[in-house]
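Residue numbers are given in the working numbering: position 88 of the sequence shown equals residue 88, and the series is strictly consecutive.
Hints in this document: simulated from the structure, not taken from any laboratory. There could be a bad hint or two in this list.
[Said to hold, decoys possible] Below, a list of computed lysine-lysine pairs in the DSS-like style, where the Cα atoms sit at most 30 Å apart:
| id | residue 1 | residue 2 |
| --- | --- | --- |
| 1 | K58 | K78 |
| 2 | K49 | K31 |
| 3 | K43 | K32 |
| 4 | K31 | K78 |
| 5 | K117 | K21 |
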Amino acid sequence: MKEDKNEVRIDKWLWSVRLFKTRTLAVEACKKGRVSIQGTTIKPSRNIKVGEIIQIRKSPISYSFEVLALADKRMGAKLVPEYMKDVTPESEYKILELSKASGFVDRGRGMGRPTKKDRRDLEDFIDDSFFDEWDFDSDEG
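Could you build the full structure based on these sequences and the hints that come with them?
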């Protein structure tokens with residue numbers, strides 16, 4: 001059920017192919033410079049055409065999608081492959097796997113102070129790894 005339109009706004013298309021949960025989030029991503037076409041950041045009102053490659057920067061990697069068809073209404077997840085093709089390089093997905101495997105959880109800004117358990121875990125991690133070679137308690141000299 002592909003539509004016959006020649007152009008669709010990028011924010012509508014990103015929302016309709018389920019890359020963003022809301023259109024507002026798609027607009028914000030465009031305004032913050034996280035969405036680009038051919039290396040150029042774009043405004044949410046820019047129209048896209050079939051065949052264009054869209055790059056979306058979501059931490060820690062940059063996804064690339066080819067526009068196969070245009071849509072301005074939200075669709076079911078099963079229909080999404082008819083409208084876009086993921087052309088993200090494998091190297092980007094390896095970066096994603098490495099960041100997940102590291103176990104480091106980034107605390108979002110404004111999430112509040114860490115709990116007592118979080119603080120102790122962080123102190124143990126820093127004590128065990130960073131200062132292994134140094135001994136601050138020895139009286140040398």
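How the hints compare with the structure:
Note on K58 and K78: the hinted pairing holds, with a Cα-Cα distance of about 23 Å set against a maximum of 30 Å. This hinted pair checks out: K49 and K31 have alpha carbons roughly 20 Å apart, not beyond 30 Å. Our distance criterion of 30 Å between C-alpha atoms is met by K43 and K32, whose separation comes to about 9 Å. For the given pair, K31 sits about 29 Å from K78 by alpha-carbon distance, which is consistent with the 30 Å threshold.
Restraint check for K117 and K21: the C-alpha separation of about 33 Å exceeds 30 Å, so the hint is violated.
Hint 5 from the earlier list is the only one contradicted by this structure; the remaining hints agree with it.
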